[in-house]
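Participant: Residues per chain are reported as follows:
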Amino acid sequence: MEPKRVKHPLTWTLRPVLPKNVMADTVDTVNVFVDLIIDRTCTSKIVKSLAEPQFAVPALSHLKRVKGQTVILMPAIGLSPEQCVAELRNKGFNFDGLSGRPTIVPVPRSVPKTCLQNQWARELWPSNFHPDKRLESVLAGKYFNDLELAAIDSHMRTALECAGIGDGVGAAVVDPTNGQIVAKSGDLRSEHPVKHAIMCVVDNVAKTQGGGAWGPVEPTNTSTDCDKTGPYLCTGYDIYVTREPCVMCAMALVHSRARRVFYGYSRPTVGGLGGLVSVHLLDGINHRFEVFAGVLEQECHAAAETVLMSTAGDNDIEGLKLQL
Amino acid sequence: MDWSNYMDISLSLAEEALEVGEVPVGCIFVDNDSNIIASGRNTVNKTKNATRHAEINCVDNIIKAGILEKLSNVTVVVTVEPCIMCAAMLIKIGCTNIIYGCANDRFGGCGTVLAVPGLENCKIQGGLFADQAMHLLKQFYKGQNPNAPESKVKKKTIAP
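Chains as they are written, first to last, in the UniProt record's numbering: chain G, 1 to 324; chain H, 1 to 160.
Among the hints, a few may not be true.
Here are the in silico distance ranges between beta carbons for each label pair [what the hints assert, rightly or not]: (1) Leu116/G - Leu68/H: 45 to 53 Å; (2) Tyr141/H - Asn94/G: 55 to 63 Å; (3) Ile9/H - Val30/G: 39 to 47 Å; (4) Cys115/G - Ala65/H: 57 to 65 Å; (5) Asn286/G - Gln132/H: 21 to 29 Å; (6) Glu19/H - Thr269/G: 37 to 45 Å; (7) Lys142/G - Asn35/H: 56 to 64 Å; (8) Thr269/G - Leu68/H: 20 to 28 Å.
I should point out that these hints are in silico values taken from the structure, not numbers from a laboratory.
The beta carbon of each residue, even a glycine, is placed where N, CA and C say it ideally should be.
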């Protein structure tokens with residue numbers, strides 16, 4: 001039999017929403033005094049001596065002490081090279097084998113987060129860098145295989161279908177262990193200011209667990225001692241939403257213990273997952289999830305636009321475009 | 001203005017939550033004429049929906065009562081600092097004044113974990129009856145959350 005499924009190339013590129021320091025494309029530097037090793041047979045003695053506590057520089061412990069024939073002596077903060085030599089001699093450092101004429105060079109302020117950053121940083125000074133294999137595959141766009149990407153595409157299409165109901169935003173919650181849609185919802189904010197697609201879909205998940213707060217079905221099971229081995233909130237579930245959630249919805253997904261969030265288009269001025277703020281990257285939050293943007297971006301944007309245009313008068317359209 | 005009497009009501013709502021095994025947070029919405037237009041408490045465990053905080057329940061009550069227009073310019077009196085979700089929601093509905101009891105170290109959206117953008121236009125006053133609000137929370141967290149799944153319940157470690 002001929003294979004029935006035709007493989008469509010994906011029209012979108014997944015963008016992981018990562019911390020700023022991971023995405024940074026410049027190397028933050030700090031100045032240090034370095035000196036030239038003129039007698040190489042002294043190298044190990046010099047390094048050993050600099051490893052003693054009085055010469056240790058905890059803020060620069062991510063750096064190798066030696067690069068080729070130069071060695072880091074100390075941070076260059078408000079001292080002249082002569083003062084540097086005097087201070088080290090005072091602390092008992094022996095300049096044998098060194099030129100004794102330190103110079104100031106910039107070195108990376110912190111350990112590189114990625115292989116790419118390490119390449120740039122190495123040009124200044126080598127670090128004790130260990131690549132995070134998972135992060136590297138995410139950055140290289142190789143974290144998901146073709147099959148997984150096709151599933152992501154398909155789940156976002158489910159969310160897109162919901163975008164037609166209500167205010168142009170749709171959301172779907174998926175159990176990644178079996179690919180089943182647990183719940184989906186459109187956006188009903190024009191009838192209720194809190195009924196954003198995410199808030200609705202989270203409540204629909206609750207309904208599958210015998211809870212829920214928003215009709216049409218009143219919660220039937222309100223017992224507190226029901227099955228405790230069943231699903232709990234959105235634990236283990238992936239969330240698909242056609243556009244970047246606002247701050248309220250982003251935090252709702254933290255409260256709901258979402259596993260991963262995929263969204264369509266970004267919203268730099270109001271978004272809660274990479275736009276205005278990055279709720280999923282905040283320090284002190286008790287639950288973390290991964291965020292990926294860009295899934296069916298154009299289709300998601302078009303869906304929102306269609307709904308807005310159909311409900312707006314001609315004069316409102318420019319204003320509404322800004323809301324998108 | 002002295003909001004003590006209003007906070008007393010929110011505290012009694014929080015107590016009610018505690019009695020039924022919910023995180024003890026209570027909240028009331030007050031309009032410009034000092035009328036209480038909504039009251040609510042946390043119902044996360046009952047609804048199995050982690051977003052059912054006291055503030056959200058207040059908004060639901062206002063929608064049910066059909067007085068949506070009253071939402072803007074509302075004063076929110078809540079026993080615990082609104083979380084990031086609720087703070088963002090309160091900005092959206094046009095709340096102008098937030099009075100809270102104790103800070104929310106884990107999720108606080110009025111500056112403790114994040115100062116949600118937009119709050120600049122809102123008057124915020126924390127610390128009203130903070131001890132009472134905190135005492136209720138401590139009573140709740142002293143016991144285990146009865147709705148947490150078994151795998152997530154921390155086993156009590158035996159002292160060596």
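Participant: Run every hint past the structure and note whether it holds.
Facilitator: Hint-by-hint comparison with the structure:
| no. | hint | verdict |
| --- | --- | --- |
| 1 | Leu116/G - Leu68/H: 45 to 53 Å | holds (51 Å) |
| 2 | Tyr141/H - Asn94/G: 55 to 63 Å | holds (58 Å) |
| 3 | Ile9/H - Val30/G: 39 to 47 Å | violated (55 Å) |
| 4 | Cys115/G - Ala65/H: 57 to 65 Å | holds (58 Å) |
| 5 | Asn286/G - Gln132/H: 21 to 29 Å | holds (24 Å) |
| 6 | Glu19/H - Thr269/G: 37 to 45 Å | holds (43 Å) |
| 7 | Lys142/G - Asn35/H: 56 to 64 Å | holds (59 Å) |
| 8 | Thr269/G - Leu68/H: 20 to 28 Å | holds (25 Å) |
Hint check: a violation occurs at hint 3 only; the rest are consistent with the structure.
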